[in-house]
Each structure stands twice: as structure tokens, then as C-alpha cells.
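K.L.:
What follows is each chain in one-letter form.
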Amino acid sequence: MFLAILKRLLMLVPVLIGITLLSFLLLQIMPGDPASRALGTRASAEELEAMRQLWGLDKPLWVQYLYFLRDCVTGSFGVSIFHKQPIITLVAARLPFTLAIVAYSTVIALVIALPFAILAAARRGRLTDVAIRQVFVVLIAMPPFWLCYVLILFLALGLGWFPTGGVGEGFLANLYRLFLPSLVVGLSTAALIQQSLRAALIDTMQADYIDTARAKGLRGREIFLRHVLPNSLISTISIIGVRVSWIIGGTVVVEKIFSVPGLGSLLIDAIVSRDLPVIRGLTVFFAVMVVIVNLITDICYALADPRVRLE
Amino acid sequence: MTPRLNMKALLLASAVVLTGLAAQADTLRVAMGFDPLSLDPIASSDNGSIWTQLLIFDTLIRPDRTGEGLEPGLAESWTVSEDGLTLTFKLRDAKFSDGTPVTATDVQFSIERAASEASGWGRFYRPITGFQIVSDHEIVMTLSEPFTPAFNNLALFAAAILPKAQVEAKGDAFFDAPVGSGPFMLKSWTRGSKIELAKNPNYWQEGKPHVDEAVLEVVTEPSARVIKLEAGEVDIALDPPLNQLQELDAKDGITVGQTIPYRADFVQLNTTRKPFDDQRVREALNLAIDKDALVQGVLYGAGKPAASAMPVMAYADPALAPYGYDPARAKELLAEAGYADGFEAELLVDSGAATSRNAAIALQAMLQQVGVTVKVQMLEGGTQWETTKSGSYDMSVSYTTSDTIDPDQIIGFVAVNPERANAYHTEWHSDRLNELYVEERKTLNGPERGAMFQEMVQILHDEAPYIFLYHPASAWATKDNVQGFEVLPTSNFRLEDVSLAD
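First to last, the protein sequences are chains A and B. The first sequence begins at 1 in my numbering and counts up by one. The second sequence begins at 1 in my numbering and counts up by one.
If you are wondering where the hints come from, they were derived from the structure by calculation, not from laboratory data. Predicted, not measured: the structure shown is a model, and the values here were computed from it. We treat Cβ as the ideally placed atom computed from N, Cα and C, and that holds for glycine. Mixed in with the good hints there might be a few duds.
To be verified - Estimated spans, in silico, between C-beta atoms of each pair: (1) Arg52(A) to Glu168(B): 23 to 29 Å; (2) Gln458(B) to Glu46(A): 28 to 34 Å; (3) Ile29(A) to Gly391(B): 19 to 25 Å; (4) Gly297(B) to Ala45(A): 35 to 41 Å; (5) Gly301(B) to Ala45(A): 36 to 42 Å; (6) Ile140(A) to Pro418(B): 57 to 63 Å.
Said to hold, decoys possible - Rough simulated footprint, nothing fancy, chain B against chain A, three-plus residues with beta-carbon under 8 Å: (7) 78-90; (8) 162-169; (9) 257-265.
Chain A on its own, in the form it takes in the complex (with noise of 0.2 Å):
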């Protein structure tokens, strides 16, 4: 298990090296110049010049991609032009948020998709599981911009139970107002996960160990908690996976209304004001989180399921 996760880790250097030179490249062709954004329209050639020269972009294109690398290795992954700090230190204040959310909002996509996933492949093709399949197609297909103002005019203004946004000092102070955007993102997850635990539930409901543990003696209860859920709560750990990846970098509608200083936000930022190394940064940061999450989704799935192993 070790030497299969040493093994995945090494495999990462050459998916970074892809990833930093792909990022670079793109970025060079990406067009506006930062200088410009700096200084404002108004600045003269000598002023551009001056600033281009102080930010390393007159160097040769393989120098610069050279300084980057360089960056990337010792852990700063560049400093921003305007923030004029190190990259991973406007990180380290932003993750916090956005772990948060990604873990507050896969509590509550959890707490409400098992229930109804359940239900549903209890009552399968009956008037419940038809219901609420509608009503988990329209939490899929709801805009989650509108979701937090529904949110926001119902919950905030109206009943004044949350604050409208804007993050706390502490932990409980931010488990009560980070509570409105994680459930806007936790509820398009509560709606894959509840979708497909379903399927799986029903398909394992017909799997033959079940016919074998009844035959067995066991009772439905107990075939149902030690079979049937567990089996199917496999699919849910790649689901899972695969959507924390994407809230990493993805929630930046919801951080915006919200007042959230999460990364999504910092990247959305960085890109109106041509921060070419925050972007760059940012993207190999982003990059090595999806592979993260996924080497650590695989290894959930290999300790879940004995089957799969770790190559």
C-alpha cells in the first residue's frame, strides 16, 4: 500500500511539468499586458518598459518559464504582482474558507442525500421515488446564483436566521455563517450523490450475495446494513472525488455573493487584473489538489473494496 502510494507520487512529477508548461503557454497567449493593468491606460512607453523590466517580462519566454519551475519547487509558486506577496501565502489565507466549504457542504449533501437515496430504492417506481427523483432533477438544474438569493431574501433578509455574507472569526462563528453557501453547493452534490447511491442501491439489492445472505437467515435490516449499503456506498466515494475537485476551484459564483474570500474568487480576481503568476500559481496549485483528491479517492476505494488495488 505504501510503495503503491510512493509509486502514485512520483507519477505526479511528470503530470506537473505537463501541467506548469501548459499553463505558462497558455498565459503568454492570453492577451492583455499586465503592465498596462498596473499602471493604468495613461502610463507612458518608458513607464511600461520600467515595470515590465522590474516583473522579469522582457526576459526570454524559456527564462521565464525557468524562474517559474524554480517557483514552483521552493513552494512559492511566484509572487503576485499586486498583492506583491508570495503566491502560497495568499493561498494559505483563502484555503481555509474553501476547505470549509468543501467539507461543510459535503456534510450536508451527505445528510440529505442518504435518506432520499434509500427511500427512493425502497419505493422504487412508486409514486415516492418518482417524487423525489423531480425534485432532486430540479436541485440539479437550479442556477446557483439564483439559489443564493433565493437563499439569501428568504433565510437572511426575510427570516433573518443567517447573516447575507462574509465569513467569521472561529470555528463555530463560521459554521454558522458559512452555513447558507455550503448548502447551496451541498445541495447540487446531495442531488449526484442521491442519484446514483439510488442505482447502486438497487442494483446491489439484486446482486446474488444478497439472495445468499437471506437464504443465510439474515434478517432484512441487518442484510440492509451490512450488505447492501456499504457495497453501495463505493460508487458515492468517486462521485464525492470527483466533485470536491471541482468545488476547489469551482464555487466562485457562490464565494462572490456570498462575500466568501475563497480561492475561486482569488483566481476569478487575478485573471480581470492579468496577475499572470497568481493565474499560473494558482492553476498548478488547483492541478496538484485534483491529483491529490484523486490518489486520496482511490485510496478510500481500495481500503472500501478489497477488490481494487492501488497500482
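Fit chain B to the known structure of chain A by using the hints.
P.N.:
Using the frame of chain A, we list chain B on its own:
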């Protein structure tokens, strides 16, 4: 019954105590749309950073509330010599928030730093070539040749006065926990989220700030700022969505205000291309646009029609009226120029700027009325700039804002050719205007210099290398108990003047 009554009394009493405490520690909460990037004045060009810096630092002189004149800042008085080459400042008895006095040494250090290679604003201060410290409270600056804007530029945030000893000792780290002589001091800064400020106990304006603390919350989504105000989580929401202004104003407990900042929106015309090389065509395009309708439709009434590409600022001629709406006359002019059947042209617009996009669609409809068929081309902002700069465009919706109160910066940008942007990429040029530009920079502030600016703007208006559109307003919304808040024409705000009524 008795215990319950006591409980109630207890609750009431504690409520009274709590409100009492709250009244003692007044906190003003402001939702703003920009995330400050840096608190180093010479390295900033974004609104969030500039607004925050102006609450923490002071400048020698500062723009007054009208935005057209100057008033004392750290300098309580000043003189400018007849030849404009010597500026003498007398400093007031001010202290930095840590209690150390502000001296002439700090002034020299700060201005030299603003003029240095590392400064994004160096060209504003490099004309000042000599400093002479007369005493701790008096400093003389000298110029090697006359350059009138240099004086006004001292009112810009980039010329903020910093404590020399601390900046030299701490280097860049100073700006993570800066010390200034402004009304507030930095208490905490959570990047991307909020800046907490506390009253500077050593501030030189007696009795100010009125509030004990101020929080600038970063809320980049305009609707979210309004929601926060309505929920009572902030006292002031800056830049609410323009289409919600009227509705907001009608709400109980909320007051809306607006001001016209130094900004002008226009359409650049590429005068190297036909038919825009013909002044009659450019005039016709200006007459074909119903500017009042644009202000109503695109800005929801928050703004006013523009007579030129210059923001309304010092020396503006109040008598200069925008082009009227006269499609019939526009058609005549087009016919005279040989375009009786109109022509086709492409209009560039920044896809990320909602207001400009709406304006482009309206322009397309209005120009169609006089036979001009416009194809709207949406581009990313950076690409739009590169495209107009390279000169491969017909028309482009754009705008300009002034950083300083001296109109020299923007006239040089939008009307002078050759200069930094060759009349903002229109490539239009006027010999007379170029001459006046050189003269104006050597002429002392006063009516004579004012007349030069008025003539330049008149030439710009008459020869129309742009379709002049409007000056959009900056709006804000506050709770009714917020008193004394306004956004200045320079776009920033003075929280030291704000108080919270009970």
C-alpha cells in the same frame, strides 16, 4: 409572578447597559466593491487600495469637497513663487498615529520615494528636483523648469507622507502594518475580506473622527452590498446597482446619494480611417446621439450628458453645452461629406463592462436612424486596448478617469498628439491645442491657465474626435442614521467626517 417580573427587569437593564456600551464604541461599517491590494501609495492604482490609504495617510495638500480647488492637509500654508519654480510649505503640528511628529524630513523622503524608479507615479513628481529643509516645519521644493501640475499632484495619494525612519527600518513590511498621520490607523487586514480601522488618537483635526472604528468590508457583488445594507449588516453600501437606486431611495431607513466623479465616457473615432477623417462626419455622429436618452436608459438617470472627453473638473467651462440631438442635421452633414447613403462601421466594446455594452446597443440603434450601420464587436478589455492602440479599429466605446485634480493629465491623454496615447488612439491632432498644452504647463494656476484649458476643451468639442457620451455618477446608499457621508469627485470618501446618530 414576581420572579418573572424581576427577570424582565434584569433583561431590560442588561439591554440598556449593552446599548450604552454600543454607543460608546461607534463602529462604522462600509461595504465596498474592491479588494485593496496594497497599502503602499507608490505601488497602487486600484480604488480599494487608494481609498484605504487616504484614510490612513495624509498628503500635504488635498482636493476640497468640490474637487476643483485645494485645501490644507499636513501643510497649513504654502506659497508658489512668481516663476513657479519654488514651492514653500509650512507644516502644521501633526503627529503620526504612534505619536512621533511629522517633520520636513519625512516630507522630503516621501516625495523622493514617489518620484523614484520603483514608483508607478514617478513622472508626476520627477519635475521636483530640489529639496531644502528650512526647519522641522518648513520645506522648500524647487523645480528646474516650470511645471504647474507638479504642485497639484502633491494632493494625490501617491504623495502621501510616510514616517521616514520606520519605512527605512522595515522596508516593504512597513506596508503590512503601516503608520500614518491620517484619521484612522490599521487595526487588522484580512485580505479579500475586510479592513478594520481604529480612530487615530493623535489626528490633527480636533474632535475627528467622530466614530471610534471603521470597517471596510469587501463585497464585490453589487447586489450583495445592497442586501447587506438592507439586512443592517453595514451602514454604507458603495456603488449599488444603478437600476436599484430609485427603489432603494423609496425604502424606509435608507438614503441614497450620488456625485459626478472625474470621469467621461465616449466613443473613440479612428481619424486615420475614412469616413472618420472628416470633421463633418464626426459632428454628424455626435448630433445623431440622444445623450439624455442614454443617461436615462443606460445609467438609469445617474449621470449627465458630456460636452467633451474631459471629466468635469477644475477650469471646466460651465457654458460649454453638449451636442444637441438633431438627426436631421446629422443626415445633412453626412450628405455634405458624401455619405448621403450612410456607411458601415465596427464598434468595439469591452465585454466585461455591462454599462458600456448597453450603451453600444443603444448607439447602434440611434446611428441606424441616420443611415450608419454599426456592427458591435465585443472584446475582452485588454484586447480592446491593444486593438485601439494598434490603430486597427473604427470606433470603440471607452472612458477616462482622472487620478489627480489637475486637468493637465487628462487633456494630455485624450487630446494631445503626439503624446502618450496620441489623443487616446484617435490619432486626431490640433496644432493650436498642442501649443496651449505646452503653455499651460508653464503658467501659474489662475484665470490665465483656466482660459487655456477652456480653449483646449472647446477645440476638442468642436473637432470631435470622439462621440461624447456622458459623465456617469458614483452612487452610494446609507442607513438614515449615517450623517456626513459623501463620495467626493475624486471618488474617495472621508470617514472622519461621518457620525452615527442614535
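K.L.:
Next step is simple, just say for each hint if it's right about the structure.
P.N.:
Hint check:
Distance hint for Arg52(A) and Glu168(B): a CB-CB separation of about 28 Å, consistent with the stated range 23 to 29 Å. The supplied range of 28 to 34 Å is met by Gln458(B) and Glu46(A), whose beta-carbon atoms lie about 31 Å from each other. Taken as a hint, the range 19 to 25 Å holds for the pair Ile29(A) and Gly391(B), whose Cβ atoms sit roughly 22 Å apart. Checked against the hint of 35 to 41 Å, the pair Gly297(B) and Ala45(A) passes, with Cβ atoms roughly 38 Å apart.
At about 40 Å, the CB distance of Gly301(B) to Ala45(A) agrees with the hint of 36 to 42 Å. At roughly 58 Å, the beta-carbon separation of Ile140(A) and Pro418(B) lies within the given 57 to 63 Å, and the hint holds. Look at the stretch 78-90 of chain A against chain B: 4 of its residues bring a Cβ nearer than 8 Å to a Cβ of that chain, three or more, so the hint holds. Counting residues of the stretch 162-169 of chain A whose C-beta lies closer than 8 Å to any C-beta of chain B gives 5; at least three are required, and the coverage claim holds.
Restraint check on the stretch 257-265 of chain A versus chain B: 5 residues with Cβ-Cβ distances below 8 Å, three needed, restraint holds.
In the structure shown, no violation is registered for any of the earlier numbered hints.
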